[in-house]
Amino acid sequence: MYLKNAWYVAAWTHELGEELAERTILGTSILLYRKGNGEAVAIGNLCPHRFAPLHMGRRIGDTVQCNYHGMVFGESGHCVLNPHRGGVISPAMKVAAYPVLERNGAIWIWMGEANAADEAMLPDFDCYSAPGFKTIRGMMDVAANYELIADNLLDLTHAEFLHDGALSSEAITISKLETLEAGSTIWANRWCPNGDAAPVWSQIQERVMGVDPAKPIDHWLYMRWDAPGHLLLDVGITEPGNPREEGAWVFTGHHLTPVSPTRTLYYWTVVRNHGVDDPEIEAFWQGSIDYAFAVQDKPMIEAQQAMIGDRQVEDLNPVAIPADLAGAKARRMLSRLRTAEAKGEGRPPLGGAALHDLLAKTAKSANPVLPVV
Amino acid sequence: MYLKNAWYVAAWTHELGEELAERTILGTSILLYRKGNGEAVAIGNLCPHRFAPLHMGRRIGDTVQCNYHGMVFGESGHCVLNPHRGGVISPAMKVAAYPVLERNGAIWIWMGEANAADEAMLPDFDCYSAPGFKTIRGMMDVAANYELIADNLLDLTHAEFLHDGALSSEAITISKLETLEAGSTIWANRWCPNGDAAPVWSQIQERVMGVDPAKPIDHWLYMRWDAPGHLLLDVGITEPGNPREEGAWVFTGHHLTPVSPTRTLYYWTVVRNHGVDDPEIEAFWQGSIDYAFAVQDKPMIEAQQAMIGDRQVEDLNPVAIPADLAGAKARRMLSRLRTAEAKGEGRPPLGGAALHDLLAKTAKSANPVLPVV
Amino acid sequence: MYLKNAWYVAAWTHELGEELAERTILGTSILLYRKGNGEAVAIGNLCPHRFAPLHMGRRIGDTVQCNYHGMVFGESGHCVLNPHRGGVISPAMKVAAYPVLERNGAIWIWMGEANAADEAMLPDFDCYSAPGFKTIRGMMDVAANYELIADNLLDLTHAEFLHDGALSSEAITISKLETLEAGSTIWANRWCPNGDAAPVWSQIQERVMGVDPAKPIDHWLYMRWDAPGHLLLDVGITEPGNPREEGAWVFTGHHLTPVSPTRTLYYWTVVRNHGVDDPEIEAFWQGSIDYAFAVQDKPMIEAQQAMIGDRQVEDLNPVAIPADLAGAKARRMLSRLRTAEAKGEGRPPLGGAALHDLLAKTAKSANPVLPVV
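Chains as they are written, first to last, in the numbering used here: chain B, 1 to 373; chain D, 374 to 746; chain H, 747 to 1119.
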């Protein structure tokens, strides 16, 4: 059902402090905490003795004591203290230990075999920490399957209808969707030169770039998908023919962590190269994204899930349109990866290596500046 | 599970205005709206593209646009506009279209094969619009199977216990239940001459007819059932031997629309020939019926459903009493109709044609005035 | 799933007054009421006619009338009046009648074959009514399987962790768990001589016994378990070597009545031999027990159940520790009794007869006073 040999976002860095925290990921209850040196630890949350949740326990140094019968577990998942008479520790008294990485403000957890954990499978989100950019982060609890959310992100034509035009323009509507695949990475790119900006971007055009919003601009939307559900939209506007870095440039990150087949924790970012110290610009992007995600996308995707119910969307014979192309590719890729995992086969590499070459073919601006990702 | 080739009440006429409306009927989500000319339309509510609910969309003339990706559907259920690049419309891009009738203040929907829709299968509720009568309408959302509600209505002896005597009398208790069948229609009739009126009717006897409530009256209760769950109680009091139209005459209509096996939208009416312009009489009937339905019947039927749970009442070996006769006949008829439908066989006609002859045999008043139905 | 030929607590004596009451026990809805002479009656709550719940009905003398169609049932469960025309009563028109005993302030119900009901299977809780003792009673509705609660009670080492030390001491921690079995009864006993009292008991040591809490005391905790879920903790402190009745002596009773596999009504008592007329001591024990049960045990056991979900704890391969010994014995005994019941075999006697001999072997105080139980 889920791809297990993969990195998921378990939490934002700032969400995990000194307290014990619990997250249910892929239906499994996970205990998260930080050691004294600040390193994040993720282990199974169910005490193997009688299945009391460890997150109701207490920290003892870098270990955690179950608050029911006092078993103490360390970051390896092994019981390190049995406080009961005798104190013998069965080798079976252990919980799973999950490899964890902390990178670019997120705590990433590997949900499969620990010895298969592979940093090379972590998609590149270095733009979250790129100099000259400022990152806003949020999280939404969505009552829907994570693939329905990926569908939404991989077809931005929905903006014209669901986002009431705020994020759409005629230039986007008439643009051609170009999809690319490299390794297990998929891009869904739209290049919209010399047209009107979408209304949200018109405000940026005027307020940030100081350009009359009636004037045409070059607009680009490049969406990158990596399994199991990590998306990065490279989006911005620049004056026609100008290099992109002279324009207003934004990345939005989307990390979909399944709680269950019908519930997803959706971690998102907005990363901008403009007004990085300007609280009004900060509030503008925070408000625009909150509204688009929480007020427009979330209710629709949750309604879609409610209509689909316990069924699989593919089993309902959906009628495809061309705009579904990238979403369909991502679903097929994920399905292939799950099948390969079930057969014990390896996973193709991420498409990072081939990125620049591939993007160069589609980056049609007169002076293309390739994204930093 | 459900009879599909049948008319159900989808809404009262006054419930459907300019807004898009959703009703779940027989487990299927239905979109209801009115065209510019006022005609009601019912089509499937799930966009065939990705199953977003159309009722979250918007009206465009007499069509409806999905608010997720912009597909537009007309009253035939076919997609009439694909706003995406290319604009090709797959023949599969369509939703079901349900035949609809608007009659006597109700919007009736045919849930089966559209080409099998047959107005002759619509039971006669013309009394809702009869001259000299005034109709009150309401709706209750009941957490119970619709057949449990029909059971309730087809055995009015429950009034003695559940309605605390307000709607019962010794004359009703000792009356003989006469059941009649004609086509697929069933009657459960009680003729109670020259006895005390039930307490609610005693008030009408005094306030409307101006007759000392200590005096005996003729009382009749004729309940008609039609599949799948349309009932009409023809009930009233008149001075002994007098024609019925000289007395206080009421019809109560009951339309049971299954949402799921354990939830029903119960549309009801009270139609009276007296005090049609008198707000006190209006309030009297509104209050009496609200109390009887919402405070007395609903909690009992919902408790019954809670005790039965997911099981079928027949599988629990209920112990029958003679008063169950009409309810049992209705359950058997509905079961026969469902079996016939599953086999592709036709449905027997409604019993309207044979009504007057049959009723004449049981209408025992000295001067029987046959009901208008 | 449940042991049926056994006594369960249906209610405390004071909970059942003149009103009809409903309790769901082992998944079965039961009607409880008192006859005019005060005797408690327990019969099936579902009217066999159409499964309306009888507890929504009304008392008529020592019988109960269903409020839907008026069937009247007596304490034997048979219908004694059919108020409908004809009045014939089918022999099938009856509900189950459950043997009931009222003893020591509790109403006990036998959920199995009525003719197998055996008072000898009722564990001895005469201490609730013992002279010189005062009993406090309560009830908690716990969202967990009853065997998880028995596990909790049969391993008091959890006090050190879950009860934050209030109910634990080093003397208890280092004491040896002695388990005894006689018939189907199991004891889990700890004898902790000449040590510190647990903090809650230290307060009793000072306030009730007038002894400096820094001085050592003899402390005993003897837990008795009887199927299906009746536990009695005989616990107290006395000055070293002194007879127990000269100390502060408490019994806590625990009666676990399954509502469903994941919900239990937990009836509890605290019975003390000290400060029986002192409202401060009463409040002290009431508060200590409320806090320990409702604030500490209940959330942990419910969290444990939530983690286990619909699964059986045994199927999850729990890793045992020595402190589980008594709980494991109780689970095995209950499993044996269920298997024997399913095969139609008899049940071993309660261990009451062998109690004094067995306890004498483990009662290590210089002057053992055997519990009154």
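Simulated from the structure, these hints should not be mistaken for lab results. Possibly wrong hints are sitting among the right ones.
Simulated DEER-style distance windows between Cβ atoms [claimed, not checked]:
(1) H/P837 to D/A503: 44 to 50 Å
(2) B/N115 to D/E687: 53 to 59 Å
(3) D/A713 to H/T1085: 37 to 43 Å
(4) H/E848 to D/G682: 29 to 35 Å
(5) H/E1060 to D/E687: 56 to 62 Å
(6) H/G911 to B/E22: 21 to 27 Å
(7) D/P652 to H/S1006: 49 to 55 Å
The beta carbon of each residue, even a glycine, is placed where N, CA and C say it ideally should be.
Results for each hint:
Checked against the hint of 44 to 50 Å, the pair H/P837 and D/A503 passes, with Cβ atoms roughly 49 Å apart. At about 58 Å, the beta-carbon gap between B/N115 and D/E687 stays in the expected band of 53 to 59 Å. For the pair D/A713 and H/T1085, the supplied restraint of 37 to 43 Å is violated, since their beta-carbon distance comes to about 49 Å. Remark: the range hint 29 to 35 Å for H/E848 to D/G682 is upheld by a beta-carbon distance near 31 Å.
Checked against the hint of 56 to 62 Å, the pair H/E1060 and D/E687 fails, with Cβ atoms roughly 37 Å apart. Distance hint check for H/G911 and B/E22: the Cβ-Cβ separation is about 25 Å, which falls inside the suggested range of 21 to 27 Å. Between D/P652 and H/S1006 the beta carbon distance is about 51 Å. The supplied range of 49 to 55 Å therefore holds.
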